[in-house]
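Using the sequences provided together with the hints, build the complete structure.
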Amino acid sequence: MDFISILSIFVMACFVGYYVVWSVTPALHTPLMAVTNAISSVIVVGALIAAAASGIGAGAGVSKWLGLGAVVLASINIFGGFAVTARMLAMYKKKERK
Amino acid sequence: MVLPLLAEGAHILEITPSPWVAFAYLAAGVLFILALRGLSSPGTSRAGNRYGMAGMTIAIVTTLLTHGIASLPEIVVALAIGGGIGFITARRIQMTDMPQLVAAFHSLVGLAAVLVGWAAYLNPDAFGILDMAAYLTDTLAHASSTGAPPPTQIHPQSLIEMALGIAIGAITFSGSVIAFLKLAGKMSGAPIILPARHAINIVILLAIAFFIFGFVMSQSMLDIALITALAFIIGFLLIIPIGGADMPVVVSMLNSYSGWAAAAMGFTLHNTAMIITGALVGSSGAILSYIMCKAMNRSFISVIAGGFGATADAGGGAAKEQRPWKRGSAEDAAFLLKEAENVIIIPGYGMAVAQAQHVLREMADTLKKEGVNVKYAIHPVAGRMPGHMNVLLAEANVPYDEVFELEDINGEFAQCDVAFIIGANDVVNPAARTDKSSPIYGMPVFDVEKAKTVMFIKRSMSGVGYSGVDNDVFYMDQTMMLLADAKKMVEEIVKSLQH
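Residue numbers (the working numbering), protein chains in the order written: chain A, 1 to 98; chain B, 1 to 499.
Careful: at least some of the hints might be erroneous.
[Said to hold, decoys possible] Computed list of lysine to any residue pairs in SDA-like fashion (alpha-carbon distance at most 20 Å, straight line):
id : chain 1 : residue 1 : chain 2 : residue 2
1  : B       : LYS375    : A       : TYR18
2  : A       : LYS95     : B       : THR44
3  : A       : LYS95     : B       : ILE409
4  : A       : LYS95     : B       : LYS294
5  : A       : LYS94     : B       : LYS488
6  : A       : LYS93     : B       : THR44
7  : B       : LYS488    : B       : HIS358
8  : B       : LYS368    : B       : GLU395
9  : B       : LYS294    : A       : TYR18
10 : A       : LYS94     : B       : LYS338
11 : A       : LYS95     : B       : LYS488
12 : A       : LYS95     : B       : ASP125
13 : A       : LYS93     : B       : PRO399
14 : B       : LYS375    : B       : GLU341
15 : A       : LYS94     : B       : GLU395
16 : B       : LYS338    : B       : VAL494
17 : B       : LYS294    : A       : THR25
18 : A       : LYS95     : B       : GLY371
Read the hints as simulated data drawn from the structure, not as lab findings.
See below:
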């Protein structure tokens with residue numbers, strides 16, 4: 001992919017983000033932060049690539065360990081973020097109509 | 001060994017990846033958009049969270065299928081360790097402690113971005129960011145001038161993206177660590193003001209820009225190490241002067257940074273899932289910061305510049321004249337609440353500190369049985385992060401359709417018999433409307449003085465909120481001060497209500 005297509009995706013996604021986030025109800029702003037936290041850990045993709053590579057040389061060896069470290073950090077976020085969001089959202093209940 | 005060879009060849013595949021890989025990452029990106037979309041109402045939010053999980057699963061599985069064959073065991077162990085820690089933390093955390101948990105999570109994203117950036121720098125081949133054309137054309141010239149083969153050339157554009165990703169990630173990390181320490185009370189929430197801090201910050205930022213330029217030119221490890229170190233320092237320096245009351249803005253801002261760091265890495269890896277997510281999270285955090293700033297009538301710049309709350313003593317000193325106020329007991333409060341038709345409860349951070357949300361809901365339930373109409377009013381900056389009060393009330397089983405935002409309920413105070421303020425202060429201070437010299441002037445506040453009776457739960461008359469401003473509401477005729485720990489006071493009110 002060339003730079004301009006990537007930049008286009010980025011700019012469009014910023015606009016989508018803008019409108020989607022404004023439509024989030026203020027009552028759910030804390031779960032919003034928790035879930036954005038979880039999804040920003042998609043950086044795990046980069047971590048996995050580094051961890052999976054088996055290049056030759058000292059640089060590649062270090063790179064692999066850095067990658068594995070990043071996998072640990074990102075997965076704390078992924079599992080923790082989604083789990084805590086689910087826990088919060090489960091608490092939001094409507095008034096019981098009797 | 002065959003497997004390493006397969007992985008070795010993986011980068012060749014990356015130049016012409018099979019189309020389904022790109023589709024899979026795009027699908028993950030779209031699922032993340034749907035995850036946020038779901039949060040537009042509590043009813044759809046749980047489905048939204050599941051979309052998010054599905055998107056993440058797709059992204060991880062796709063990456064593993066295309067790259068992870070060689071070191072699968074190590075990766076699975078790393079995922080299991082991280083996942084286990086994350087899951088247990090998420091299960092055990094108290095809802096009151098959500099702000100510091102989110103700050104801690106932000107710091108992890110930041111650190112992960114730094115590690116991934118460094119990994120890409122050290123093993124560019126694996127990330128497919130080698131500048132093949134430059135490598136081939138430069139080889140001859142380079143070899144003739146230095147007598148040695150050139151180092152592996154990373155694409156200059158990738159170098160910029162990588163450096164930015166590392167810098168933003170490092171700022172996110174150290175900034176979030178400070179935010180975490182302040183929110184968790186492990187460090188004083190008071191702003192720490194260094195002399196000439198603005199000058200120091202600007203010099204460091206310029207130095208980072210300079211080294212990024214140098215890094216793109218030279219691809220030297222010293223440059224990227226300096227960028228990393230300076231970015232860690234600036235993240236630390238940016239957050240220490242910001243006081244506790246401004247933490248909602250800081251947490252949102254760091255949320256935004258963690259998104260931009262992910263986006264920068266997405267640019268490096270040409271990965272649509274990362275770019276879309278980074279942009280979503282980045283704009284989400286930015287919008288939340290904007291909402292928080294607006295709710296405090298403070299400019300984003302002045303929050304970042306920091307120092308709010310540092311002059312608390314100076315502000316309180318002028319208003320030390322003794323004014324009469326009325327103290328009420330739990331029995332008085334219970335009597336008036338029972339007689340009331342409409343009650344609006346305004347919770348603030350003090351309620352969270354006292355863990356009074358459960359007993360508060362019990363009080364509301366008792367009142368509802370007596371036929372009283374009870375509503376909750378939440379200010380956007382109540383608590384230590386956006387929406388914090390809503391979560392605490394939801395935890396205490398308060399139905400979300402009884403909880404209202406500032407602009408939706410502010411007109412109702414005129415028909416309200418009792419405004420019940422628990423652990424809030426600045427958000428009901430009329431000085432924000434009337435006193436131009438007040439530090440909170442211009443901040444939208446609840447019009448509690450229109451209510452027939454105001455009940456104000458406060459530990460003592462000495463503390464005056466985060467802004468350090470005296471509050472005229474204390475001294476109004478219709479105000480009853482209930483001086484006690486919030487939880488104890490509400491418990492006593494519940495007791496007298498049930499008699």
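Comparing the hints with the structure gives:
With a CA separation close to 31 Å, the supplied pair B/LYS375 and A/TYR18 exceeds the 20 Å bound. Using a Cα cut-off of 20 Å, the hinted pair A/LYS95 and B/THR44 holds, with the two alpha carbons roughly 16 Å apart. About 18 Å separates the Cα atoms of A/LYS95 and B/ILE409, which keeps this hinted pair within 20 Å; it holds. With a CA separation close to 31 Å, the supplied pair A/LYS95 and B/LYS294 exceeds the 20 Å bound.
Among the hinted pairs, A/LYS94 with B/LYS488 is inconsistent with the structure: their alpha-carbon atoms are about 28 Å apart, more than 20 Å. Pair hint A/LYS93 plus B/THR44 holds up; C-alpha atoms about 12 Å apart against a cutoff of 20 Å. A distance of roughly 12 Å separates the Cα atoms of B/LYS488 and B/HIS358; the hinted pair therefore holds under the 20 Å criterion. The straight-line distance between the Cα atoms of B/LYS368 and B/GLU395 is roughly 19 Å, inside the 20 Å bound, and the hint therefore holds.
Restraint check: the Cα-Cα separation between B/LYS294 and A/TYR18 comes to about 17 Å, which is no more than 20 Å; the hinted pair holds. Of the pairs offered as hints, the one joining A/LYS94 and B/LYS338 is violated, with about 25 Å between alpha carbons and a cut-off of 20 Å exceeded. Between A/LYS95 and B/LYS488, the direct Cα distance comes to roughly 27 Å. Violation of the 20 Å bound is thereby established for this hinted pair. As the CA atoms of A/LYS95 and B/ASP125 are separated by approximately 57 Å, the hinted pair breaks the 20 Å bound.
Taking the CA atoms of A/LYS93 and B/PRO399, the gap is near 5 Å; set against the 20 Å cutoff, the hint holds. A C-alpha spacing of about 11 Å is found between B/LYS375 and B/GLU341, which places the hinted pair at or below 20 Å, so the restraint holds. About 13 Å separates the Cα atoms of A/LYS94 and B/GLU395, which keeps this hinted pair within 20 Å; it holds. The suggested pairing of B/LYS338 with B/VAL494 holds, with an alpha-carbon distance near 11 Å, which does not exceed 20 Å.
Of the supplied pair hints, the one linking B/LYS294 and A/THR25 holds, its CA atoms being roughly 16 Å apart against a limit of 20 Å. Pair hint A/LYS95 plus B/GLY371 holds up; C-alpha atoms about 16 Å apart against a cutoff of 20 Å.
Hint compliance for this structure: hints 1, 4, 5, 10, 11, 12 are broken, all remaining hints hold.
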